[in-house]
Amino acid sequence: MGLDTSATKSIFFIAAVIVAVTLAGIFTTITYKLSSDIGIRSDIVSSVLKSDITIINDPESVPYNSTTEELIIYVKNTGKNILYTSKVTIIIDGLVIPDSNITATIMGGEENWSPGTVVEFHIYVSLSSGDHKVKVVLDNGVSDEMYFRI
Numbered sequence: 001m002g003l004d005t006s007a008t009k010s011i012f013f014i015a016a017v018i019v020a021v022t023l024a025g026i027f028t029t030i031t032y033k034l035s036s037d038i039g040i041r042s043d044i045v046s047s048v049l050k051s052d053i054t055i056i057n058d059p060e061s062v063p064y065n066s067t068t069e070e071l072i073i074y075v076k077n078t079g080k081n082i083l084y085t086s087k088v089t090i091i092i093d094g095l096v097i098p099d100s101n102i103t104a105t106i107m108g109g110e111e112n113w114s115p116g117t118v119v120e121f122h123i124y125v126s127l128s129s130g131d132h133k134v135k136v137v138l139d140n141g142v143s144d145e146m147y148f149r150i
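Using this note's numbering, the letters of the sequence shown map in sequence onto residues 1 to 150.
Misleading hints may appear alongside valid ones.
Taking lysine-lysine pairs in the DSSO-like style, the calculated list, with each CA pair at most 30 Å apart, reads [unchecked claim]:
id: 1; residue 1: 80; residue 2: 135
id: 2; residue 1: 50; residue 2: 135
id: 3; residue 1: 87; residue 2: 33
id: 4; residue 1: 87; residue 2: 50
id: 5; residue 1: 133; residue 2: 76
id: 6; residue 1: 50; residue 2: 133
id: 7; residue 1: 9; residue 2: 87
Listed next, with one range per pair, are the computed distances between beta-carbon atoms [as the list claims (entries may be wrong)]:
id: 8; residue 1: 103; residue 2: 135; range: 56 to 66 Å
id: 9; residue 1: 95; residue 2: 19; range: 52 to 62 Å
id: 10; residue 1: 42; residue 2: 4; range: 54 to 64 Å
id: 11; residue 1: 67; residue 2: 145; range: 20 to 30 Å
id: 12; residue 1: 7; residue 2: 38; range: 43 to 53 Å
id: 13; residue 1: 61; residue 2: 86; range: 26 to 36 Å
Simulated from the structure, these hints should not be mistaken for laboratory data. Please read these numbers as outputs of a predicted model, since none were measured by experiment. The C-beta atom is built at its ideal place from N, Cα and C for all residues, glycine as well.
Just need the whole structure built from these sequences, with the hints factored in.
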């Protein structure tokens, strides 16, 4: 009886150790994945908090050439991050303007859209006389909008 009891206890002990090691491995993997996801989310939130733009046109006098259908919008980087003009979406009156209809020039001879720098967007779009809305959206969702009249 003594040997049978010892063998049974040893088998249960080994089984318990195997289960404990397996669970420890699973929890380690889950903890690592959770930690990684929190780091990614933190980077995204930091990017949003450090990014900001402002459309600085005068809403009463927005440059628009009806012959060439060219609208000019000035957008200032009022955040703390360097931004990229290639990652900007422009929406006019609810319609997304294709990238092929937009050209961007960083003012002041700057190479980057650094904080405090203004970008001049030339948008080729047909607009009728009256009230319109332009919205400029960064790739991280930060945006500014302005109502204007032509």
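Structure-based check of each hint:
About 20 Å separates the Cα atoms of residue 80 and residue 135, which keeps this hinted pair within 30 Å; it holds. At roughly 19 Å between alpha-carbon atoms, residue 50 and residue 135 fall within 30 Å of each other, so this suggested pair holds. Pair hint residue 87 plus residue 33 holds up; C-alpha atoms about 29 Å apart against a cutoff of 30 Å. A distance of roughly 16 Å separates the Cα atoms of residue 87 and residue 50; the hinted pair therefore holds under the 30 Å criterion.
A hinted pair counts as satisfied when its Cα atoms are at most 30 Å apart, and residue 133 with residue 76 qualifies at roughly 18 Å. For the given pair, residue 50 sits about 25 Å from residue 133 by alpha-carbon distance, which is consistent with the 30 Å threshold. Restraint check for residue 9 and residue 87: the C-alpha separation of about 65 Å exceeds 30 Å, so the hint is violated. The beta-carbon spacing between residue 103 and residue 135, approximately 18 Å, falls outside the hinted interval of 56 to 66 Å.
Our hint of 52 to 62 Å for residue 95 and residue 19 holds, since their Cβ atoms are close to 60 Å apart. In this structure the hint that residue 42 and residue 4 lie 54 to 64 Å apart at CB holds, the actual value being about 57 Å. The hinted range of 20 to 30 Å is satisfied by residue 67 and residue 145, whose Cβ atoms lie roughly 26 Å apart. For residue 7 and residue 38, the hinted distance range of 43 to 53 Å is satisfied, since their beta carbons lie about 47 Å from each other.
Roughly 28 Å separates the CB atoms of residue 61 and residue 86, a value that falls within the hinted 26 to 36 Å.
Hint compliance for this structure: hints 7 and 8 are not met, and every other hint is.
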